[in-house]
Amino acid sequence: MATTTNSSQQTGVVRSQGPSQTAKLTQRVIRNLLWAVLYIVISLIFLIPFIWMIFGSVRDESEIFKYLYPFGWHTFFPVHWTLTHYLDVLGLTPAGKLADLHFGLNIFNSFFVSTAVVVSSLVFNTMGAYFFARLPFPHKNLLFVYVIATLLVPLEVTMVPLYIVVRSLHLQDTYWSMIVPWFASPFVIFSLIQFMRDIPYDLDEAALIDGAGYFTILWKVIVPNATAGLVTNALLEFQFIWNLFFWPLIAVNNPRIQVLQVAISGTLSQTQQYWGRTFAGASLASVPVILIFLIFQRYYVAGVATTGIKG
Amino acid sequence: MAQIVNTPSYVKDVAATEGLMSQRRRRMIIAFLFILPALINFTLFRYLPIIASFRTSLYQYSLLGGYGSFIGFEHYTRLIHDPVFWKSLGVTTRFVIYKVPIQIVLSLGLAMLVQRETFGAGVVRSAILTPMVTSIIILSILWAMMYHSQLGLIQSILGIFGIPHLSILSNPNRALIGITIMMIWKDLGFSMIILLAGLKGIPGEYYDAALVDGANKWQAFTQITVPLLKPVLMFVIVTQTVFSFQVFVPVYQMTKGGPLDSTKAIVYYIYQQGFSYQDMGYASALAMVTLAILLVISYFQMRFLRAEA
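Chains as they are written, first to last, in my numbering: chain B, 1 to 311; chain R, 1001 to 1309.
Isolated chain B (complex conformation):
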């Protein structure tokens, strides 16, 4: 940087601005450069595993290990590109069929379960939030405490107890077992109440005087005015259910109805032999959710920040 200062002092135009001005400019350039370097390093710390995974899923198996040492460009970047691993895990190749891989089916299951939960959760939580935010009822506060106190029930600790209940309802090993426990959520109700409180009460008053029932008011007045909240919670709920692992692991044994997350853990990683396939399966399970997140990031952040919850 010393050279920059010297050369600028030699040119008359810059000199007229004075040396302190030039020094300031140089300082700003250096500062911005340091910021950029810092930003790049931090981003890489959080993204490198994903970069390794995605590139690893589209290269020959042997390459993953061949270029590991010394660390360099080709540690990540493929020399020879291939889609074999994806075809394998989807069960579209003889090798994939032989290993009994059917991730297409597992992706369908994940998608089906997540969608069913999002839809049912939107219906029942919206109704619940509407009740608390806007309907008259005696001792509503007590009911609210009953709902909110479930936030204190630790999820992972009660997974095994939950299994005891689901088993006595004879729902284990069915799609129902993965959907029914999640159709209502204290987080979503709490979050939707916040959104509904901002809607002017004159609106339902007018509708009520016109003779509309509660369902009509909810559908015609509240829902259109709370779309931001509904979208946010739909996204968080979808991500929460799609990423769920512990519950489907214990609730479902049948591999034909098992979701993707459990299928990957069970069929690929435990043999520790096919890294390419593991990368391909992991990419299929994570990249769609990451893309959805990047597109709707604003909603996600607002949702997490207002309710302080995970999914």
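Derived from the structure by calculation, the hints contain no laboratory data. Some hints could be false.
Below, simulated SDA-like cross-link-like pairs (lysine to any residue); rule was C-alpha separation at most 25 Å, straight line [what the hints assert, rightly or not]:
id : chain 1 : residue 1 : chain 2 : residue 2
1  : B       : 220       : R       : 1026
2  : B       : 24        : R       : 1217
3  : B       : 220       : R       : 1032
4  : R       : 1186      : B       : 43
5  : R       : 1200      : B       : 305
6  : R       : 1200      : B       : 295
7  : B       : 140       : R       : 1025
8  : R       : 1186      : B       : 295
9  : B       : 140       : R       : 1030
Using the hints provided, position chain R relative to the given structure of chain B.
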């Protein structure tokens, strides 16, 4: 809480003008139908499991045979004398004590680093949040591969600095640290979002005033940022403590509780008793005790929160 569920006055007026009791009662029943599905769900799937689990803990219960003989609190006395239970409690506590403070400090630092509304800061924010939205099982699989003592990416990166192959997950002294690093990396984004929202709530004039008074940046941080952020910080600490105490998936996927039980966290031990050893009765007793521990932690932390607010 009262504010949230207040009944708007006009609803009462309308109900009153209608006059008829039956009409009011009909409206009340309809209103109740709105909350009924959620109440059924919470009763069946959030509260009943705790009751069922307590009942199960008093019986011999196997997945195959169902309920056996009533044995009272025998599972609980067994638990007190079970060295693996105490070890798993120790492992879990160490995990929380390693993870939460480092995570909070790092996420506060990162929040302050990326709170500017520039393109670069936005990109870094997205990068930090990416592990947060990825499922923990996928990250556990990936990190187990990265830690691999021969073929792992981390070994390759350490190679740049001339560090030879380092066994991590297979070493009883390092496995828990390996899991902790991954979990801090994953959960940083979550606490950062909440702290960012907290930072946004601090009026900029406070900082301007401090600068006029001749305060430097460090003084502004300790005198303004930290005190005003305290409620948010407390909230993050509470939720992250309770959440981290329940670590399960990375243990299940990366180490199976090993080596030498050095990563056997309490929820993994519950799972193992219930599903590997088919002893649901004992698993239920373990779950009840863990639940009690978490409620006590939440209680004390809630008292803190209330004192702050």
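Between residue 140/B and residue 1030/R, is the straight-line Cα distance small enough, at 25 Å or below?
-> 14 Å, holds
Starting from residue 140/B, check that the Cα of residue 1025/R is at most 25 Å away, please.
-> 15 Å, holds
Taking 25 Å as the top limit, are the C-alpha atoms of residue 1186/R and residue 295/B close enough?
-> Answer holds: residue 1186/R to residue 295/B is near 20 Å, not above 25 Å.
Can the restraint linking residue 24/B and residue 1217/R be considered satisfied, given a maximum Cα separation of 25 Å?
-> With Cα atoms ~20 Å apart, residue 24/B and residue 1217/R stay inside 25 Å; holds.
Within 25 Å, alpha carbon to alpha carbon, are residue 1200/R and residue 305/B?
-> Roughly 11 Å separates the two Cα atoms, so the pair holds.
For the pair we were handed, residue 220/B and residue 1026/R, check the Cα-Cα distance against 25 Å.
-> Holds. Residue 220/B to residue 1026/R sits at ~21 Å (cutoff 25 Å).
Is the Cα-Cα distance between residue 220/B and residue 1032/R 25 Å or less?
-> 20 Å, holds
Taking 25 Å as the top limit, are the C-alpha atoms of residue 1200/R and residue 295/B close enough?
-> 23 Å, holds
For the pair supplied as a hint, residue 1186/R and residue 43/B, confirm whether the alpha-carbon distance does not exceed 25 Å.
-> 13 Å, holds
Violation of the numbered hints given earlier is absent; every hint is satisfied by the structure.
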